Amino acid sequence: RKEVEQDPGPFNVPEGATVAFNCTYSNSASQSFFWYRQDCRKEPKLLMSVYSSGNEDGRFTAQLNRASQYISLLIRDSKLSDSATYLCVVNALNYGGSQGNLIFGKGTKLSVKP
Amino acid sequence: EAGVTQFPSHSVIEKGQTVTLRCDPISGHDNLYWYRRVMGKEIKFLLHFVKESKQDESGMPNNRFLAERTGGTYSTLKVQPAELEDSGVYFCASRTDRRPGELFFGEGSRLTVL
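Protein sequence lines, in the order shown, are assigned to chains W and U.
Position in the first sequence (first residue = 1) + 18 = this note's numbering.
Position in the second sequence (first residue = 1) + 19 = this note's numbering.
The set of hints was computed from the structure by calculation and includes no laboratory data.
Values in this document were obtained by computation on a predicted structure and should not be read as measured data.
Take the hints with a grain of salt, since some may be wrong.
Think about it this way: if two alpha-carbon atoms lie no more than 20 Å apart in a straight line, the pair counts; the simulated SDA-like pairs of lysine to any residue are [as the list claims (entries may be wrong)]:
no., chain 1, residue 1, chain 2, residue 2
1, U, LYS63, U, GLU76
2, U, LYS73, U, MET58
3, W, LYS63, U, HIS48
4, W, LYS60, U, GLU121
5, U, LYS97, U, GLU121
6, W, LYS63, W, SER44
7, W, LYS127, U, VAL108
8, U, LYS70, W, LYS60
9, W, LYS20, U, LYS73
10, W, LYS127, W, LEU98
11, W, LYS60, U, LEU85
12, U, LYS63, W, GLN117
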């Protein structure tokens, strides 16, 4: 089983749609979770951290379910500029890795159409 | 403020040759990381420097890879001798101590081994 698994995608949605990405992680000791965004042929950039109580940043909402080892990202009112690959990321700190040793999912590609 | 810069952006070499990739982190960032993405796979951690010291090198694939960060500023990653499976995009990232989950990535060095 992969350490971080995501929806394979791609997700093709119209502008204004709400889209949800899901992710599961294998190590129950994991403590830190993130969503990164990567535009085509560019570097990954932090979108948001994921907190236990869930957190929101504008149109983006992240949720964590520790019991199910499940992370989600919800994007409301999709914009053309949201088109990118969304990477689910877990910090390996709690199982042998150093701080910043991040475990990435393969990513889910989102394409928002006019 | 300049971001993380990497050089070269693209390198094409033949199997058995040597390549050296360079990374200049954001000024003042003590933590520097190397990651790699091979075709069709997820981004994988290679190693982590804190200043000039290797904090975590658990992701280095084998002894053909040598990373250095003399003086705790820029870093180099040398592959010698290169093999076909080394092809991919090598990302460098840096961060401050204040926000451990936020890595700032460079645009990557694309390595093609023929």
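Each hint, compared with the structure:
In summary, the hint linking U:LYS63 to U:GLU76 is supported, as the alpha carbons are separated by about 12 Å, within the 20 Å threshold. At most 20 Å may separate the alpha-carbon atoms for a hinted pair to count; U:LYS73 and U:MET58 exceed this at roughly 27 Å. Taking the CA atoms of W:LYS63 and U:HIS48, the gap is near 16 Å; set against the 20 Å cutoff, the hint holds. Taking the CA atoms of W:LYS60 and U:GLU121, the gap is about 17 Å. The hint holds against a cut of 20 Å.
The straight-line distance between the Cα atoms of U:LYS97 and U:GLU121 is roughly 26 Å, outside the 20 Å bound, and the hint therefore fails. Restraint check for W:LYS63 and W:SER44: the C-alpha separation of about 23 Å exceeds 20 Å, so the hint is violated. With a CA separation close to 18 Å, the supplied pair W:LYS127 and U:VAL108 stays within the 20 Å bound. Distance check on the hinted pair: U:LYS70 and W:LYS60 sit about 26 Å apart at the alpha-carbon level, beyond 20 Å; violated.
Restraint check for W:LYS20 and U:LYS73: the C-alpha separation of about 26 Å exceeds 20 Å, so the hint is violated. A distance of roughly 13 Å separates the Cα atoms of W:LYS127 and W:LEU98; the hinted pair therefore holds under the 20 Å criterion. At roughly 25 Å between alpha-carbon atoms, W:LYS60 and U:LEU85 are farther apart than 20 Å, so this suggested pair is violated. Our distance criterion of 20 Å between C-alpha atoms is met by U:LYS63 and W:GLN117, whose separation comes to about 15 Å.
Taken one by one, the earlier hints fail for this structure at numbers 2, 5, 6, 8, 9, 11, listed in ascending order.
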